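*Asks:* Sequence:
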Amino acid sequence: MHCKLALRCFFISTINFSFWTSSEHKFEVLYDGKKYTGFLSCCALVKKSLDMGIPLTDPRYILDIDFDRFRACFTNDEGDVIPMVDERWQNLRQVSSILCEKFNGTFYECLQQSDNSAQNLLKLVVENFPCYRDWATYEDTAGTRYPAVVYKYISLLVAFLKRAQILIGDIYNLLKGEPPAAFGDIDTLTTFADYRVPQVLVYFGALQYSDELQRLLNEGTKWVLQLPCSPLLIFVIFNLVYLDIKQGLCSLGHVFSSGDVEEVEIRGCTVFAVDLVVDEVKRMLAEVNLTLLRVYVIFIFRWCLKMFKKFSDKENITSVQQLKSSVQKDVRRKVLALYPLIEPYLDQILPKKENLRILKCHEHVEILVGPHGDLLFFKSRDGPFMPTLRLLHQYPFLLPWQQVDKGAIRFVLSGAQIMCPGLTSPGAKMTDGLARDQVVAVMAECKQHAMAIGLMKLSTEEIRQTNKGVGIDNIHYINDGLWQMKPVK
1 MHCKLALRCF FISTINFSFW TSSEHKFEVL YDGKKYTGFL SCCALVKKSL DMGIPLTDPR
61 YILDIDFDRF RACFTNDEGD VIPMVDERWQ NLRQVSSILC EKFNGTFYEC LQQSDNSAQN
121 LLKLVVENFP CYRDWATYED TAGTRYPAVV YKYISLLVAF LKRAQILIGD IYNLLKGEPP
181 AAFGDIDTLT TFADYRVPQV LVYFGALQYS DELQRLLNEG TKWVLQLPCS PLLIFVIFNL
241 VYLDIKQGLC SLGHVFSSGD VEEVEIRGCT VFAVDLVVDE VKRMLAEVNL TLLRVYVIFI
301 FRWCLKMFKK FSDKENITSV QQLKSSVQKD VRRKVLALYP LIEPYLDQIL PKKENLRILK
361 CHEHVEILVG PHGDLLFFKS RDGPFMPTLR LLHQYPFLLP WQQVDKGAIR FVLSGAQIMC
421 PGLTSPGAKM TDGLARDQVV AVMAECKQHA MAIGLMKLST EEIRQTNKGV GIDNIHYIND
481 GLWQMKPVK
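Residue numbers (UniProt numbering): 1 to 489.
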């Protein structure tokens, strides 16, 4: 079983790169009733082939078939082909040939030869499989990056080995750290320096771009992206903006070629910044007698488990309580005091002579349900009643709002805290005069409706002054558990 799992993991890692599409139309794959995009669309296609009895992860099969048959395996139900299918084909042919020639046709042989060492396996993969060689020559012939008194010329071969390290981390997790993947030196792996990690670091204030670099990233001019021989070395660096790439052209922001000085510096600083984060978290863990934290874990973390992130009505609701008329009157009074603009609509939302209910949930969460089963307000412990997003979309004037830039959208919708830089950057807008602990709607640049409801951790003025750290607690957001709950019968 380990042999098969290791081979499949190696196969997927070999084609895990560059899932950009040429337009806003994303490449999607329907598998088992669910749609997948990006890397998961690739996994879904492989799984569909395996389900049909096609041994797509067998290197001998890859060497036996022609390109058309391979291409058919990576075509979705709409006839769209996965991006860069030619390059994925070339990479798989390369590694399949080497596996059969040197390692008995299986990646498990590579594991056995590595003697339970992550560094041994990393060296073996990079030395034997050229498509995993992720390095660049860092040159500064003009001496512009460093003072001339220190360096007149610098030329270094810098190895990041992103995908090779991801492969080793995935193998370690897949085999649960058991032989032949009992890597005692797993801590020697660095973070995986792709284009996503620096985005996160910049957003959370752990990495800061220079004014010159920020200007380049924000430019709207079209730039040519010159593809290197290996597409695995393409890293499009930008600050929280999605880029549409088509035949080497980019429509938003500056695109660096692989190996550009700025691209190498961003990736290098990313590795260093994550090491600093890990050191600090280790220090914090040591204060409570916990020590286990590995660098590669930073790459796969999920920020901030929020109130409704994993909320399920079946698992989290403990009881349903019919409110007495006196309690309903008190609820109406509290809601009106919190949201004065609701007064003309109060009888529509909370009718006096209709029955209201409270859903009592785990973690002292309560949800106020209207007479028709609609989820109206929620609160935690003795905190204030806050409108649900669905109610806010009907009555958008209920809350003052703060707007984040486009780049922050994906983080907010994954449950992350709203950081100060996302509220002060170009594209963001803030409402003046809002104090700490104020309930606010979180809007997004170029979007009509609120995407989240939050609680101000800092005042508007404090956010502008500090411009770092958490500005708003993300309490409830689109597609979290509360959003997905259906009306209560």
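There could be a bad hint or two in this list.
Label-pair restraints from in silico Cβ distances [what the hints assert, rightly or not]:
| # | residue 1 | residue 2 | range |
| --- | --- | --- | --- |
| 1 | K26 | K47 | 16 to 22 Å |
| 2 | I12 | E139 | 44 to 50 Å |
| 3 | Q348 | R283 | 40 to 46 Å |
| 4 | N173 | L323 | 46 to 52 Å |
| 5 | K324 | E78 | 54 to 60 Å |
| 6 | K282 | R215 | 53 to 59 Å |
| 7 | C100 | I12 | 17 to 23 Å |
Since the hints were made in silico from the structure, they are not lab data. Note that the structure is a prediction, hence the values are computed from the model and not measured. Virtual Cβ for every residue (Gly too), placed ideally from N, Cα, C.
*Asks:* Check each numbered hint against the structure and report the violated ones by number, ascending.
*Replies:* 2, 3 and 6
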